[in-house]
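Engineer: Given the sequences, and given the hints that come with them, work out the whole structure.
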Amino acid sequence: MLKLGISLWACVTTVLAQSSTRSEMNLKDLGDPDTWPVIKYGGPRYEMTPEQKAEILEQRVNNDSWGRPDDMPVIELQPGIHLDLSSDSHHGKRSGYHFIGAYEGYNCSADTIIADVFNFGCGTGCVSVPVAANSGVVLQEYHGNPYPTMDVWRGPGCQGSRLSHFGVIDTRSCTNISDGGGYESFIGWFNC
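Residue numbers for the sequence shown follow our numbering, so the first one is 701 and each next one is one higher.
Accuracy of the hints is not assured; some may be wrong.
What the hints assert, rightly or not - Straight-line Cα separation of at most 20 angstroms, SDA-like style, residue types lysine to any residue; simulated pairs: (1) 753 to 740; (2) 740 to 766; (3) 740 to 781; (4) 740 to 778; (5) 753 to 859; (6) 753 to 769; (7) 740 to 776.
I should point out that these hints are in silico values taken from the structure, not numbers from a laboratory.
Structural biologist: Right, here's the structure in full:
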């Protein structure tokens with residue numbers, strides 16, 4: 701009986717330790733992404749001024765560090781969520797739907813998706829995920845301009861040096877982070 705009790709205690713301790721470690725979250729426990737809830741974001745939105753758009757463009761070209769403006773919301777997105785950032789229902793009808801997704805594995809393998817965001821605007825908000833992503837996908841319904849892009853940062857809150865800028869070729873592109881450290885926050889850009 702004592703042996704069973706020690707084995708059970710060791711098993712429970714191991715499970716609790718694994719579930720509390722950020723980097724060891726088991727994404728397979730989230731189920732099929734087709735069954736994930738769609739959450740309509742209703743929080744504050746960030747609207748860039750023309751001056752801020754020009755500053756961001758210059759920083760992107762020079763790959764400078766970028767400090768997230770104080771009034772840009774940070775959206776803490778838990779794994780297993782489809783986040784809809786559209787502010788109205790006509791956005792997709794005018795220019796087609798657009799989508800970005802963060803994946804724990806490389807090559808945007810469907811079984812490693814952490815979470816995704818769709819119908820975002822021009823830097824609507826910074827999205828932070830609790831699991832480091834190693835690849836990201838950018839999709840658009842229609843080929844052409846305007847087209848969506850995605851910037852990624854190593855840590856939460858979209859601060860410091862941007863790791864990479866993900867674009868889209870035709871209607872779908874997947875980009876890997878090559879240094880193995882992954883990213884924990886990202887911003888979607890559309891129609892800036």
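Engineer: Evaluate each hint against the coordinates.
Structural biologist: Against the structure, the hints:
Note on residue 753 and residue 740: the hinted pairing is violated, with a Cα-Cα distance of about 26 angstroms set against a maximum of 20 angstroms. For the hint pairing residue 740 with residue 766, the CA-to-CA distance comes to about 27 angstroms; that exceeds 20 angstroms, so the pair is violated. For the proposed pair residue 740 and residue 781, the alpha carbon gap of about 10 angstroms is at most 20 angstroms, so the pair holds. About 14 angstroms separates the Cα atoms of residue 740 and residue 778, which keeps this hinted pair within 20 angstroms; it holds.
The hinted pair formed by residue 753 and residue 859 meets the criterion: a straight-line CA distance of about 17 angstroms does not exceed 20 angstroms. Note on residue 753 and residue 769: the hinted pairing holds, with a Cα-Cα distance of about 12 angstroms set against a maximum of 20 angstroms. For the suggested pair residue 740 and residue 776, the alpha carbons sit about 14 angstroms apart, so the restraint of at most 20 angstroms is met.
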